[in-house]
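Going line by line, the protein sequences match chains A and B. Per our numbering, residue 117 is the first one in the first sequence, and the count goes up by one each step. Per our numbering, residue 117 is the first one in the second sequence, and the count goes up by one each step.
These are computed hints drawn from the structure, not numbers from a lab. Treat the hints with caution; some may be incorrect.
Claimed, not checked - Coverage of chain B stretches by chain A, computed from C-beta distances (three or more under 8 Å per stretch; other residues unrestricted):
#1 260-270
#2 277-291
Stated by the list, open to error - Per label pair, the in silico range of CB-to-CB distance:
#3 Gln120(A) / Arg217(B): 50 to 56 Å
#4 Lys166(B) / Arg194(A): 32 to 38 Å
#5 Glu266(B) / Thr214(A): 45 to 51 Å
#6 Thr144(A) / Glu316(B): 28 to 34 Å
#7 Ser261(A) / Ala230(B): 40 to 46 Å
#8 Arg209(B) / Glu238(A): 29 to 35 Å
#9 Gln213(B) / Gln120(A): 50 to 56 Å
#10 Pro156(A) / Glu266(B): 58 to 64 Å
#11 Ser195(B) / Glu210(A): 35 to 41 Å
#12 Glu183(B) / Glu183(A): 48 to 54 Å
#13 Tyr138(B) / Thr190(A): 54 to 60 Å
If you're wondering where the values come from, they're calculated on a predicted model, not measured in any experiment. Beta carbons: idealized from backbone N, C-alpha and C, even for Gly.
Number of protein chains: 2
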Amino acid sequence: MTSQDDTRQKIINAAKERFAHYGYGKTTMADLADDTQMSPGNLYRYFPGKLDIAEEIAREASIRTAEQLSRILTRPGRSASERLHDFLFEDLRETFQTLERDPKLVEMAQIITAERPHFHNEGQKREREVLRRIVEYGNVSGEFSVADPEFVAEMIQSATLKFSYPQLFTRLPLARLERELEGVFQILVAGLKAGVSISEPHRDVVEA
Amino acid sequence: MTSQDDTRQKIINAAKERFAHYGYGKTTMADLADDTQMSPGNLYRYFPGKLDIAEEIAREASIRTAEQLSRILTRPGRSASERLHDFLFEDLRETFQTLERDPKLVEMAQIITAERPHFHNEGQKREREVLRRIVEYGNVSGEFSVADPEFVAEMIQSATLKFSYPQLFTRLPLARLERELEGVFQILVAGLKAGVSISEPHRDVVEA
DNA sequence: GGAATGAATAATCAACGAATCGTTCAATCG
DNA sequence: CGATTGAACGATTCGTTGATTATTCATTCC
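Produce the complete structure using the sequences and hints provided.
Rendered as structure tokens:
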């Protein structure tokens, strides 16, 4: 890690602190400059702009979540459907707890998602990769019968969309969401076990 | 229909015209009063307020959609899974086409949903009733094996949420949405055929 | 001479007063 | 005397203006 990387990380740490406490909008580049003992103009040697600093913070959190979820893949004694269950519920609980613990960081992530669609798509892609491997494991173990794991992973994301977007469940208590997710999960797993033969005809590379 | 009902319908027709053309916000009570040859104050003898007029328009549209979807229940020669397919795709196409034909009425419906949560819940409930009967028909015909059709209908709605909310798919073309819905549909139907034994433990009467 | 500053610039935001609008109701109409 | 009007009133929205902030870059520092 070069000294330039050190400075970038210093800016990110300062920004994370500010964004979590005051929110993205209430934090100024002057604030971040003060916190990092440099001039406002100098911040632009390390990041293209304010939004890029926020995006980096959100990306780090997203990567951490995906890494955490990928540990499900190596849990001993867990069947594919149990791993899928772990994935969906831990993802929901993580999102719900982040909303309660750091509401302003969630608000920041929503701003990034609105301004930088690719950021959200990348996050979805990371999680979908873990889902794909769970579905493949199900195929290998004989529990699932899925022709196209990649496509089915995408379908699982589509079917559980409601539990990934804070703004779609803010008014609901966690227990209620878990009950509903359990219901959707049961139908999905029954379907995966029974066998899904379809696949994506001409997969689009870019999601909107 | 009394003369008071006549006047209410006259107001609704005028409002629908204005809301569709200019939008909810750009339409004033003075406009509606002019269109119906009465004073602004008189409108309040027929409706509690402006939002109530809009809600009535949205409710009529919602009821019409549910009635249209309920005709799926009596199509001869259609299996339960074919009916479920018909339901999901006709609902999506209807929503998509309404968005293209009357974007300002969709915007109005979003305002109602935000201000009057019960309106949206009622709409969901109407459609869920049709879904429940499709699932029950599947049970009776032996195609499905579902313990609690009411709960599963709710789960189907949850799993296909993305295709019911214009703001969640605005940037996607219809063909892409249909392909994705087909994928989710295949997994759901495979699950319903395989059998879903769970049910809602203590069903909440009120959705958020 | 590359790194950094901090003021200038352009863009955006917030406050404020004016204008508009949803709703109410005293006065008038029929 | 019930139905209706249309102006008043309080609430909300909008346009303008000053303040603030993201970003740039001429100048200075090391």
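(request) Using the beta carbons of lysine 166(B) and arginine 194(A), state whether their distance is inside 32 to 38 Å or not. (result) violated, 55 Å
(request) Mind checking the hinted window 50 to 56 Å against the Cβ distance between glutamine 213(B) and glutamine 120(A)? (result) For glutamine 213(B) and glutamine 120(A) the Cβ distance comes to about 53 Å; the hint holds.
(message) If I claimed the Cβ atoms of glutamate 266(B) and threonine 214(A) lie 45 to 51 Å apart, would that claim hold in this structure?
(response) violated, 33 Å
(request) Can you let me know if the beta-carbon spacing of glutamine 120(A) and arginine 217(B) is within 50 to 56 Å? (result) holds, 54 Å
(message) How does the region 260-270 of chain B fare against chain A when you require at least three residues with a CB closer than 8 Å, holds or violated?
(response) With 3 residues close enough to chain A, the hint holds.
(message) The hint says 35 to 41 Å between serine 195(B) and glutamate 210(A); measuring C-beta to C-beta, is that right?
(response) holds, 40 Å
(message) For the hint 29 to 35 Å, verify it against the beta carbon of arginine 209(B) and that of glutamate 238(A).
(response) Holds, at about 31 Å.
(request) Return holds or violated for the Cβ distance of proline 156(A) and glutamate 266(B) against the range 58 to 64 Å. (result) holds, 59 Å
(request) For tyrosine 138(B) and threonine 190(A), compare the CB-CB distance with the range 54 to 60 Å and indicate the outcome. (result) holds, 59 Å
(message) Against the range 28 to 34 Å, how does the distance between the Cβ atoms of threonine 144(A) and glutamate 316(B) compare: consistent or not?
(response) violated, 49 Å
(request) Count the residues of the region 277-291 of chain B whose CB lies closer than 8 Å to any CB of chain A, then report whether that count reaches three. (result) holds (count 5)
(request) Could you tell me whether the CB distance from glutamate 183(B) to glutamate 183(A) stays inside 48 to 54 Å? (result) 50 Å Cβ-Cβ, so the 48 to 54 Å window holds.
Violation of the numbered hints given earlier is confined to hints 4, 5, 6; the remaining hints are satisfied by the structure.
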